[in-house]
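Colleague: Now for the letters of each chain:
2 protein chains.
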Amino acid sequence: MDLFTIETPCLVLDKRKLVKNIAYIKERLSKLGVNLRPHGKTAKNIDVITMALEGQKGGITVSTLKEAEYYFSHGINDIIYAVGIAPVKLDRIVDLIKKGAHITVILDSLEQAKFVAEKGLLHGIDIPALIELDCDGHRSGITVDDSLMLDIGSFINNKEGINLAGVLTHAGESYQCQSVEEIRALAKIERDIAVKSAEILKKNGLPCSIVSVGSTPTASFAEELSGITEVRAGVFMFYDLVMAGLGVCDKNDIAVSVLTSVIGHQKSKGWVITDAGWTALSRDRGTASQKVDQGYGVVCDVSGKPIDNMLVSSTNQEHGIILSRIKEELDWDSFAIGNLFRVLPNHACATGAMHEHYYVVDGSTEVVDVWHRVNGW
Amino acid sequence: MDLFTIETPCLVLDKRKLVKNIAYIKERLSKLGVNLRPHGKTAKNIDVITMALEGQKGGITVSTLKEAEYYFSHGINDIIYAVGIAPVKLDRIVDLIKKGAHITVILDSLEQAKFVAEKGLLHGIDIPALIELDCDGHRSGITVDDSLMLDIGSFINNKEGINLAGVLTHAGESYQCQSVEEIRALAKIERDIAVKSAEILKKNGLPCSIVSVGSTPTASFAEELSGITEVRAGVFMFYDLVMAGLGVCDKNDIAVSVLTSVIGHQKSKGWVITDAGWTALSRDRGTASQKVDQGYGVVCDVSGKPIDNMLVSSTNQEHGIILSRIKEELDWDSFAIGNLFRVLPNHACATGAMHEHYYVVDGSTEVVDVWHRVNGW
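Going down the list, the sequences are from chains A and B.
As numbered in numbering that gives the first Met the number 0, residues 0 to 376 make up the first sequence, in order.
As numbered in numbering that gives the first Met the number 0, residues 0 to 376 make up the second sequence, in order.
Think of the hints as simulated: they come from the structure by calculation, not from any bench.
Any given hint could turn out to be false.
[What the hints assert, rightly or not] Derived EDC-like pairs: lysine to aspartate or glutamate, alpha-carbon spacing no greater than 20 Å straight-line:
1) K326/B - D307/B
2) K266/B - D144/A
3) K113/B - D332/A
4) K266/A - D307/B
5) K118/A - E6/B
6) K266/B - D332/A
7) K201/A - D191/A
8) K118/B - D145/B
9) K268/A - D145/B
10) K290/B - E181/B
11) K266/A - D133/B
12) K268/A - D135/B
Excised from the complex, chain A in its bound form (with noise of 0.2 Å):
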């Protein structure tokens, strides 16, 4: 199979730069001593999890029930799932726990300890806990002074049913970061809002085995991370255009992309319509907030080199119009019908999140692998 006879739109991912970017963030938080939990969010594929995991202490982060089954029966055991828990979805945990999987929840209230318990306490088993703390204002978890932390703690040190596992948060702000000065604050920040907070879970004699943090900006940036036990990260392995934005990535370093074809022309207005619409690329914007607004993504040629000044301007659910930011410069012939283009993604994560499928390159434009993605809950 070549990315000349397969059907578009598709997404393709590239394994040699897959590997370099693993490679990359392994390099850098083993030098700072800290082991890598990847993010099993981004790929949704044990293909990838499983390069990622290589040489690590063996735990996942997962962002849905799903995943967490999928991995598991892929041999992953050590699984966080770092979604504030929902009482709905307490039966497919114990389910796993049963099974064997060592599958820790998250939580930020005494509600969802309370729940968490009893339902431990129903199946006759312990569930692992971490309290989610909010180190940047970003969604979910507890502020570092807030004395709800410890009440938390000890209501789940001496209940039944439940255990404390430690403590985790995520710099989701990362993303909106405007400097990598910024990223490196916040990343220091983040590290330190988990240090003392498990700090304070242990001087009131609490457990805290896991201090966890992670996104990939930080992780990219953070210069000094003692008293974490892990980071987390799941974009890193792809990349996209957002991390291009912040300057944790070069363009030429992300791993996926959409493959599509021409089917129209508007040359009037400077349109090249393709076949690769919201569907394929997903509707995410992430880029409209940066300096340099991406459109819906940067078009390259078949091999993955991205062609000046050629952005996805515009999508409907199945066309998407390509054009070139200096209009005169659009070379017609090359974007002739039929002809394919790959599109890099503003956000890997959404992108991935269209396709059930990864066509996978190696430095040629021959497929050497399909790798399948689990989508859904």
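Please arrange chain B on chain A, whose structure you already have, making use of the hints.
Modeller: Relative to chain A, chain B alone:
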């Protein structure tokens, strides 16, 4: 099965609203004396399309060949694949025709007409083709004053391997209209351009049995459709917040919603955290450019009734943040952890595309059926 026990997030389809929405458009088009050719791209499900087809002439529209193959396998023979044809897709078109499908392609260039004719000739079949017209500058198609239309028509008519079936246009700009009057005016333009193009073809001795127009907004407000043989539309079956913002429907008519669980709070910020992120709601922000920006969706109670001023203000991969437009109004007790809500989508096609199934309800919270969606290509 009941909405209170199925796992969140998931896609809920209210059959009562679906039935009502379909009946409304059928009656409207029937009064205008025109056939409905339902678009299968919104529902991507045979049960829904069967309802929409009932009483019509039997043909449908699709946006992918996977939809075409799926609907054909369920007994639907007459299919327009309404995305400009790409060379790499012709083998599947040929396969469908050889199996007995009457599948029609669309094109707007001589290059496409040539490769379609070559492929048909190679296989000893005639592939039916419609010329795509541009009525509003939205995307693809030939303008009515462009002599290219006659060139393509004559080329097709003189070639073996391809048949001229007629003309097709889509007033995609209707989604950007600012008033019902604007939609009505665009519906007239859409109709007039299709009819005028058909007349030009016929005057030049070319066949034009199909004169096809359509979009949900123009189908909802067209006043006169003489000369039109069929109206294509899909969103009307479900409707969505973009359609409500346009005045095409009421919020209470929207038949699809995403069921979600509360998983946390940030009370000082007025945030309710849920498990419906952009993987469940999509990244679509179609109401952002409308008079009322509905964020990532309007929040309803579990019965599907909209709650005043509550909307999903932002999303991450597996998290949604609900807030009230009037912060003080948030009733925290009703948003307790584990409580269930339903979110109306900005864009039914985009939200649907994130799910594999519909959990069908019919006037209560009981799930009466589970219907599959045929996503992908």
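Colleague: Hint compliance check: list the failing hint numbers for this structure, sorted ascending.
Modeller: 4, 6 and 8
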